[in-house]
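Residue numbers (the working numbering), protein chains in the order written: chain P, 11 to 139; chain R, 35 to 292; chain H, 67 to 632; chain U, 223 to 651.
In short, the hints are calculated from the structure, not lab data.
Any given hint could turn out to be false.
What the hints assert, rightly or not - Just so you have them, the derived chain R footprint on chain U, three or more residues with Cβ under 8 Å:
#1 323 to 337
#2 455 to 466
Claimed, not checked - Pairs of lysine-lysine residues, derived as DSBU-like cross-links and limited to a Cα-Cα distance of at most 30 Å, are as follows:
#3 H:Lys345 with R:Lys280
#4 R:Lys218 with U:Lys439
#5 R:Lys280 with H:Lys417
#6 H:Lys594 with U:Lys625
#7 H:Lys375 with R:Lys176
#8 R:Lys176 with U:Lys463
#9 R:Lys218 with U:Lys639
#10 U:Lys553 with R:Lys187
#11 H:Lys578 with U:Lys625
#12 R:Lys280 with H:Lys375
#13 R:Lys280 with U:Lys463
#14 R:Lys45 with U:Lys553
#15 H:Lys578 with U:Lys639
#16 R:Lys176 with R:Lys280
#17 H:Lys263 with U:Lys463
#18 H:Lys260 with U:Lys553
#19 U:Lys553 with P:Lys135
Built from N, CA and C at the ideal position, the CB exists for glycine as well.
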Amino acid sequence: MRIILNTGRTIPQGNFVEYKPSPEYGAETSRAFLAPLDLMDLGIEAGDRVRVSCGSRSVVLTAAASDDVPPGTLFVPYGAHANHVVPAATHGTGMPDFKGIGVDVEPTDEPVKSVWELMEDLGGKRYDH
Amino acid sequence: MRVILSARPRKNPFIPVEAEGIVPARFLQPAEGITVAVGNRDRPLTDVFEVAIEGTATDAAGVEVVLRGDTSRVKRVGEYMEAGKIRVERDIGMHCGNFMSGGEIEILGNADGWLGREMRGGRILCHGNASHYCGSGYRGEKHGMRGGYLEVKGDAGDFTAEYLAGGEVIIHGNCGDMPGVEMKAGTLTIMGSCSRPCGNMTGGTCTILGTVAGMLPTFRRAGTAMRESGGISLTRFEGDVANRGKGTIFIRDWQYTL
Amino acid sequence: MTRLLIKNAYVIDPLNGIRGEVMDIAVKDGWIVESVHDGAEVIDARGCLTLPGGIDSHTHICGTKVNFGRYMMPEDMRAGRTQRRGVMHSTSGYSVPTTYGNSYRYSTMGYTSVLEGAMAPLEARHTHEEFAATPLQDTMANTLFDGNWPVMEAVRDRDVKRAAAIVAWTLAAVKGFAIKLTNPGGSECWGWGKNVKCIHETVPYFEVSPAEIIETLIRANEMLRLPHSVHLHCNNLGVPGNYQCTIGSMDLAPDLNPDRQSLYLTHVQFHAYGGTSWKDICSRAEPVAHAVNRKPQVTIDMGQMMFGKTTTMTADGPMEFNLYRLHHNKWSNHDVELETTSGIIPVYYSKTSVVNCVMWAIGLELALLVASPWQCLLATDNPNGGPFIKYPEIIALLMSRRYREEELRTLAPEALSRITLPSLDRELDWHDIAVMTRAGQARALGIQSIGKGHLAPGAEADIAIYPIRVDETDPSRQFRDVIRAFQKTSWTIKRGRPVARDGEILVEGTNKTVWVKPKVPDQYDMGKDPEFARNFDRYYTVRMSNYPVQELYLQRSLCMESEAQL
Amino acid sequence: MIIRDVICPFCACLCDDLDVHVEEGKVTAVDNACDLGSHKFLTDHRMKGPVRRTASGWQEITLEEAIAETVELLSNAERPLLYGWSSTCGEAQSAGVHLAERVGGVIDATTSVCHGPSILAIQEVGHPGCTLGQVKNRANVVVYWGCNPMHAHPRHLSRYTTYADGFFVRNAFKERKVIVADVRGTDSTNVADEFIRLQPGGDYAVLGALRAIVRGKGDVVPEEVAGVSREQLFRIADLCKSARYGAFFFGMGLTQTAGKYKNVRNAIELVDELSRHTKWTLTPMRGHFNVYGFNEVCTWMTGYPFAVDFARGMAFYNPGETTAVDILARKECDMCLVVASDPAAHFPAEAVEHLGSIPVVQLDPFPNLTTAFSRIQIPVAVSGIDAEGTAYRMDGVPLRLRKVLDRGYPEDAMILKEITRRIADGGGP
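All chains should be built: construct the whole structure from the sequences, respecting the hints.
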């Protein structure tokens, strides 16, 4: 399903922003808020997983239902998960499109990755001391 | 006189090179004196380019500079150029032709951002695509390109001809978002399509022969017109009335949704 | 520390009655002394003009408003860029340079002390942070009280002593130097998008008039025994016909201080306009200058306007908005809760504009028509009338009728009938210039007591040596040599150390900030006043305990204490 | 022990009325703070000491080793990027700018992915602003456009707007009208008197339409603009024009959607237009507690608020060219110093990948996602908790952060000055 991705701040994301390795942070930033109608169209329920893709990049998120999110759009709290698919192009402004990006959403059974796993995909090394 | 500059392979080809010294007039003196900046280090031009010179010239108009090899990260080529010719055989980096007031620049490949920034005169012809802010101005400055002729055979990026205040810009392909935004004077012609053209324009004329997406609601329809070449019928809009807009857009086809 | 001997200096030192003598100046540990023994570093001035370090008594170089001018104008920044070199940091900017740009350029011109013209108390910490990055000058800050709620309430209650107490607490808390009134009362009105036109209108809710604010604070100022007088930016700036308002404001000045004026009116050029609109604007410098000549209790500065690109920035918010509506260029405004406001727009002063030509003439007319140079000081209200780097041209214009005539020929002809400048023969001499650029400032600011503005033993060793021989120069004809000389000192000496030579900066330097602390009786200590504290925490958005500026923000701190008479 | 009037080092509201309880060198409770602020005072997941990443794993090193290696890396870099700066004090930011100038690097702050576009807009048309007390004491109409203060600045409404009584607004909740514009419902739109629900990317068109209406050119406006009805647009315009004092706040709903700074410019020009009718001011909802401080410090030192390139020994500024995301995505920089921010968490993956291929040094109190890319990390004191310093509120009001306890960590400003001193002594590049 073709859909518009918006990212943004949320209280839980902010609460753990200074402790990103925590499970709470990863859980919050991997939530995909969708309109109940869109969940129905995708044939999934809140708690199921979706793959969100933009160009060659994709990430697996946990679907959540929200009446505040208009059909045809998807809200994901700021963080490593959303940024895994946000393009780096800034259109000469220095600012990437963190809001209003066209993405594809499909159901999946694959697990949601931890933030460390995402960093390792990008060439990083987890720090778990 | 022909000056052939062949880019030498670099250990780290991604580090930008600032080469405002590459203007025809400069080669009337020995090239040895020219320095360029590779990142934060100043280097002799001859470290970065192999320099070959054919013939002689008495003035800048008689000098043609040819750039070969990977020049995609070479910035500010032709800055303040007043006469002569620069021919780029592949891609060129940002700010090519800054403040150019005369002469000609021809780019066979693509041009990176800010091509012909604050151009005053002369001609730029880009056979490939031009990136964002083609024919635009500098941050905070009230006037962009003031004169001259800038033609792109391919596509152009976002904010093309922002603050256009004079001269002519022609894009044969499509433009990105907001071409001609803040436009004051001069003419902008887009053969292809684009989105949200000419926001806040106060003057000048823009013609779009493709389809406009996200047409702004603050332009007033003011009849139709025939385009001489090709006899295409165009709709005339005036605006931007969000501003004290006295600008004109001719459009073939448009939609208000993005 | 250093010992220094300056030989063969042609000295003009107005505060000590020296009108031009060749002499030696001895310096020890940053101060001027009778003599130094051998082994001192020797500078041969070769008979060149040697003056006390320059003092700017009204300039905008540090603080929220100035920095916003930089912030909003990358196009101005790219105009004045220089590379990092030796001890010099890179600089940017033409009309609103970076702090280092300001400091280096002032120092090159021989200026060693400057007064920031407007500091909002709530944002004082910002001004002091920029002072710390202005290493080659000593700094002072005019502190804004034009729209201060507690002060206006005290004025309304006719309680001068409470007004004085509030000023005393605030100045000490924010490390300010003097009371600044910018468009008094007008800034509060601007909080509602309105303004006052002249001194006898009423400020809504507070029910006070600008005149009452000015009179009350002049008396409060003298009760507190502050070094400087009230520093006034009159109401109705930049409006044709405003000269009467300016003269009316001068008439408010009582005679309360034997050592200096009781009221300082700044950038008077902007306040000496006749006519009824931009169409018929004309110079009224004559009546204004005569008013100054009649009133020794008043000192003014020129606020000279010079042609070219610059930026206007004042605490006069409504005026800046009107300018914006005139120019349709970018406009910034910044209102400060319970205190004041400010506005910024870029401008271009053009010789083709009749209005601009009249403005240019008015500043010069003021300087030439005010009889005593001690009463009319040289400044452009930098950068409002033009950047301070234009001072040398202003000096030359004042010293050479020929130069003035040359310039007059290039103006819009229509302007000539609206000004008196063409009929003025007066040419100021070197002594007048020394008064108008340092000695007069030192007296007006009340800082000669801390060794500023003169060269007698006991003075701080701030000295400027200019590459020009007074005996061999006729400024009337050789005005270009005068300009060149004042643009670049051979030596600028700060606190006894050579800091600039022929335009090259020699040391990193550390700024010194001069501030005041009036000692008041306990019952007048606002820090202990329950009503003041209650309203503070209720209406400000910062706690009273977080408001005062810690002394650690001052690189070097010079506190001028005074015994308040309340 | 209770420390009063402590300043909160989380968001740019810089609430300065916190009471912090400290026992045995630990914060045990925080009064008056919001959820976000309390968490910052109470979380205790600091990195113990400097670490170096090696093939075999993470190795503890001394501060001296860490500094020496950083000096080496910075001196050898031809295109160093110095990024971050928003969660530390002005003293560290100033040291950072001096360091960037010394090594001929590019210095950029989180501004470029936050309100950088707002600054670009201000540089085109200016900024009619005010301190937040003006709003608290006077405003009877408040607009929140493209922001969700209930989540990003939780005390903004209670300290400055909806729930804050002021001198001329004795009963704020009754007397103030609140307008919220967003593409989705939020806890903030729930408290709005008017909710402008726009289609994604519609901000520019809607703001333009409002400008036209306020200018008296409303006839041109169609029945619907980006999902907003003509009728609501006229209602909003009237509400704004009839305000006694209007305050316009905006967030990343404008700066991060297509058009970027042009959206903000349209908002500013709407406020300019309204200023011809009545009193209006505008304030960007700045994020990190001292991101505005970096803009101030960088401006008085270099002339530009962010994205400054010192490669040529003087300051050059051009967001889109000299901004961090662009420089990383183009693989330009050959070394990166990260201070007080977490680009690996907040930059697009393509930009983060380049961090994996160059040496990265990080100065940050906490292990974060950028740690995964750091060759060296030096844990430092937290500004506003175990270090003092200066911070600038979103409206430009500067405050002195307090030190409520001592954890024995070095201050980043001190380390940055030491690095600069050593490079200067070594002549630098």
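Verification of the supplied hints:
no.	hint	result
1	323 to 337	holds (count 3)
2	455 to 466	violated (count 0)
3	H:Lys345 with R:Lys280	holds, 27 Å
4	R:Lys218 with U:Lys439	holds, 20 Å
5	R:Lys280 with H:Lys417	holds, 29 Å
6	H:Lys594 with U:Lys625	holds, 25 Å
7	H:Lys375 with R:Lys176	holds, 14 Å
8	R:Lys176 with U:Lys463	holds, 29 Å
9	R:Lys218 with U:Lys639	violated, 48 Å
10	U:Lys553 with R:Lys187	holds, 28 Å
11	H:Lys578 with U:Lys625	holds, 27 Å
12	R:Lys280 with H:Lys375	holds, 27 Å
13	R:Lys280 with U:Lys463	holds, 25 Å
14	R:Lys45 with U:Lys553	holds, 13 Å
15	H:Lys578 with U:Lys639	holds, 22 Å
16	R:Lys176 with R:Lys280	holds, 17 Å
17	H:Lys263 with U:Lys463	holds, 24 Å
18	H:Lys260 with U:Lys553	violated, 53 Å
19	U:Lys553 with P:Lys135	holds, 20 Å
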